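Novice: Read off the chains here:
2 protein chains.
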Amino acid sequence: MKNAVIVYYHPYNGSFCHAVLEATKKGLTTAGFAIDVIDLQADQFDSVMSSADLLGFVKHQMIDEQAKQYAQRLQRATELVFIFPIWWELMPAMVKGFIDKVVFPGSTYEYAKTITGMASSLPNLKQTTVITTMNTPKYIYQFVFGNALKKAMISGTLRKTGLKKVKWLSLSGVKSRTQAKRENWLRMIEKRMAVK
Amino acid sequence: MKNAVIVYYHPYNGSFCHAVLEATKKGLTTAGFAIDVIDLQADQFDSVMSSADLLGFVKHQMIDEQAKQYAQRLQRATELVFIFPIWWELMPAMVKGFIDKVVFPGSTYEYAKTITGMASSLPNLKQTTVITTMNTPKYIYQFVFGNALKKAMISGTLRKTGLKKVKWLSLSGVKSRTQAKRENWLRMIEKRMAVK
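Protein sequence lines correspond, in order, to chains A and B. Each position in the first sequence, counted from 1, maps to that position plus 140 in the numbering used here. Each position in the second sequence, counted from 1, maps to that position plus 140 in the numbering used here.
No wet-lab data here; the hints were simulated from the structure. Note that the structure is a prediction, hence the values are computed from the model and not measured. Honestly, I wouldn't trust all of these hints.
No distinction is drawn between identical chains; accordingly, a pair holds when it is met within one copy or between any pair of copies.
[Unchecked claim] No more than 35 Å apart at the CA atoms, straight line, and that leaves these computed lysine-lysine pairs for DSBU-like:
no. : residue 1 : residue 2
1   : Lys290    : Lys321
2   : Lys166    : Lys199
3   : Lys142    : Lys307
4   : Lys336    : Lys305
5   : Lys331    : Lys253
6   : Lys278    : Lys199
7   : Lys315    : Lys253
8   : Lys199    : Lys321
9   : Lys253    : Lys166
10  : Lys208    : Lys304
11  : Lys307    : Lys166
12  : Lys321    : Lys208
13  : Lys315    : Lys199
14  : Lys266    : Lys278
15  : Lys321    : Lys253
16  : Lys278    : Lys304
17  : Lys290    : Lys199
Let the hints inform the model, and build the full structure from the sequences given.
Specialist: Below is the structure:
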């Protein structure tokens, strides 16, 4: 089975991020995937760790019902895609909350004798793509801000918890691009997803 | 007047972060500051940007009442301190939400002809200290994860919006430290705050 889970967040449906979501869905459908979209805004996901959630982390037992349900949906994923904007050089609070509450020991990973000390508990997952939009230009983000999202989320979270083939697709300087460039990006994304 | 605003987040009152908060308050009191603690968890701050908040950002008008009140409290600050844990190499969702919703054009900064394109609208603020706790060892955080918090929050948010004298005090490898080492840290923090 080809199951794609898309974790999506943007508060505005007219955003470029939303167009990226549509292009991603189109491409994955062409490739024959069943698609499950986790729309964090539509779900009004509570992104904050309560003291009960924190204690649950220590005990390897998820508390938050919505987070548990998300973790179950991730179990079925063969392909995982994140789509969100970069604000203040990082993911928005909502997406950080998804990481804090859903990337959980005993659910999506286990502690293990690996280089990072963790191994994935998502056995079906083959590839993960993180697609972000930002207004910061590419080289400024790399040389001044150290590709902070890549370091923290790709290396420090997804690969750390044992995921293989994690790719970051960064659409940068979005506000200053022409309509034609943006449409090119959407076609490129649809194509990339269609051959997965 | 010496006014300190402390932005604090940790869901568990028995945490080392909470002890850091107490040491900070003690030191600042010795130094003669009036102290205003923004306790994000106690306030149950809604850390997520709604579409109305996003539109407000574009129009330079804050919408969220709690965020507006926080911005007003920041106006009075001569000293600003952030205290929070690092989770997954970054600030928790709650703290990212504070940045997303309170660091706002027309409130805490203005667009201006500076290197970063922004200038601070917090005219009383002289110094900012970001105190973080993490279990990751210092050199791993620096060389593998690129000091992601420093790049994104210190450079990419606070300094970018025109704040001067922003310092990061990183307490690393917390879980593996002795009780004596942690008590040393608390004394060091109290001392540093007492001479401001």
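Novice: Up to 35 Å between alpha-carbons, please classify Lys266 paired with Lys278: within, between, both or neither.
Specialist: Answer is both; intra-copy 28 Å and inter-copy 32 Å each pass.
Novice: Within, between, both or neither: how does the pair Lys208, Lys304 come out at a Cα-Cα threshold of 35 Å?
Specialist: within (23 Å within a copy, 43 Å between copies)
Novice: Treating 35 Å as the Cα threshold, decide for Lys290 and Lys199: within, between, both or neither.
Specialist: both (29 Å within a copy, 30 Å between copies)
Novice: 35 Å Cα cut-off: does Lys336 pair with Lys305 within a copy, between copies, both or neither?
Specialist: Close inside one copy (12 Å), not across copies (48 Å); limit 35 Å.
Novice: If the cutoff is 35 Å on CA atoms, where do Lys331 and Lys253 land: within, between, both or neither? Let me know, please.
Specialist: neither (38 Å within a copy, 41 Å between copies)
Novice: As a check of your reading, is Lys278 near Lys199 (CA-CA no more than 35 Å) within one copy, between copies, both or neither?
Specialist: Result: close only across copies, 26 Å inter versus 41 Å intra.
Novice: I want to check one pair: Lys321 and Lys208. Are their C-alpha atoms no more than 35 Å apart within a copy, between two copies, both, or neither?
Specialist: neither (39 Å within a copy, 37 Å between copies)
Novice: Given identical chains, is Lys278 near Lys304, meaning Cα to Cα at most 35 Å, within a copy, between copies, both, or neither?
Specialist: both (25 Å within a copy, 26 Å between copies)
Novice: For Lys199 vs Lys321, is the C-alpha pair at or below 35 Å within one copy, between two copies, both, or neither?
Specialist: between (48 Å within a copy, 26 Å between copies)
Novice: Is it within a copy, between copies, both, or neither that the alpha carbon of Lys290 lies no farther than 35 Å from that of Lys321?
Specialist: both (23 Å within a copy, 32 Å between copies)
Novice: State whether the alpha carbon distance between Lys142 and Lys307 is at most 35 Å within one copy, between copies, both, or neither.
Specialist: within (19 Å within a copy, 48 Å between copies)
Novice: Indicate which option fits the pair Lys253, Lys166 if close means a Cα-Cα distance not exceeding 35 Å: within, between, both or neither.
Specialist: neither (39 Å within a copy, 42 Å between copies)
Hint violations for this structure: numbers 5, 9, 12, all remaining hints satisfied.
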